[in-house]
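Read off the chains here:
Protein chains: 2
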Amino acid sequence: MEKISSTKNSKVKEWVKLKTNNGRKKFKKFLLEGRHPVETALEQATEYEFLIVQEDFDLGELAEQVDNDKLILVTKEVANHISDTVHDQGIFLIGYINEEDWQFPDDLSGKWLVLDNVQDPGNIGTMVRTADAAGFTGVVFGDGTADFYNPKILRAMQGSQYHLQLKRLNLEKWIRNCKDQGSVIFGSILDENARDYRKIDVPDQFSLIMGNEGNGMSERLIEMTDMNLYIPIKGSAESLNVAVAAGVLMFGLAG
Amino acid sequence: MEKISSTKNSKVKEWVKLKTNNGRKKFKKFLLEGRHPVETALEQATEYEFLIVQEDFDLGELAEQVDNDKLILVTKEVANHISDTVHDQGIFLIGYINEEDWQFPDDLSGKWLVLDNVQDPGNIGTMVRTADAAGFTGVVFGDGTADFYNPKILRAMQGSQYHLQLKRLNLEKWIRNCKDQGSVIFGSILDENARDYRKIDVPDQFSLIMGNEGNGMSERLIEMTDMNLYIPIKGSAESLNVAVAAGVLMFGLAG
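Just so you know, the sequences run in chain order A and B. Its first residue numbered 27, the first sequence is counted upward by one per residue in our numbering. Its first residue numbered 27, the second sequence is counted upward by one per residue in our numbering.
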């Protein structure tokens, strides 16, 4: 079992880079942190490179599951350095990014949540968790949307990433492929002239597109949908939080 | 117009205390920050003690609305000191807390969202905004729930505090008073034996109680409701984010 006490160690330098989009692209790995997320990843038999724990960390039952060759002990200083949080829990996992994330699924049937340029990691993680709860097949991350290996998104998904498919794809191509396979594309917009989501016939197979927190869906995609939906606002609020709106629409459409 | 350049000024010391629950209780005032929240407060003709701006702040059209006796200029150092955010916008307002917040409304009719021991300021602000959008009459903050003059909650409400009634009340008394006036009390719990929210007759007047993020509603309140509702979870997620669950229920019940 390796021990690392310097933040200048080459492995540590690589781990820190995994906190960025570019670093993850370069090394095709991601950094997961926190006891519950790491335990869940190990339960799911995720392929991983290293399990990293702070010297005084009590592995408990995890000790039996872990391959000693993959276990690395680090000092508190190194743990703080690689952590993305203010108070880290002293446990990290280096996982491999799946090449299939960038490949179109063979089967586009089912219900898909599609994120067009959504920015906030908390909102994104919450939407993935809600899509899981609403029985959706998967979530498609469009070009402008934050990467789902972003450490904040990984935490906010709370394990839902293992229950549905996550894809990182070009959304124009997604829409064209869905239409080819007879799956309906719903946009969501803040416009009373759009269709009230409670007053439509919901097909078995569809994609629901949610747009950017401030600017909504991109114009190009709005034009490509089969139908654009809106949630009637009764009070004086100008809009809904995007994760709440996604929840209302997903449970409303999934019946 | 007064100018303050020291963080040791007695006014500055009071303002900093308004970031805490105890400070707000003592002085019966609250601190609001950011251009949009302050503009909205002024548009709503909120009673205020001071408008505080950093020296180089461009008031623009606000200049005409502001009473010069209430305007205080501060240095960048003082602005940083009183701010609750990492990057403050250089504008703050000191408002008066309304004594009516602690009084039962004469009329309990309509739809009320009731928060039992909800903790996260972002969740709370989002729920108030969603209650506004769903046409609710007001939101009741129970004893254990964060104070709605908490700066983070003020920001997250995005002005919805001016569109509906916010109350800080004892929830057991709230439930008894509602029952006396013929208003129905719905709890929300994670239990498949509770009633599916889509399969009930929804009355015109009701309260919907949302519980703590981790532990749900308190047992005492669960026993006092007329009916407890749940959202059927189809996938493998263990639960929904409380603000998403509140959104699904409020729009589901409000029709």
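Hints are computed from structural coordinates only; laboratory data are not their basis. Check the hints yourself; a few may be wrong.
[As the list claims (entries may be wrong)] To give an idea of the interface, some chain B residues facing chain A are shown, with a C-beta separation under 10 Å as derived from the structure: (1) G170; (2) A172; (3) P177; (4) Q184; (5) H189; (6) I257.
Ideal Cβ placement from N, Cα and C applies to all residues, glycine included.
Query raised in the report: In ascending order, which of the hints set out earlier in this document are inconsistent with the structure?
Result: Numbers 1, 2 and 3, in rising order.
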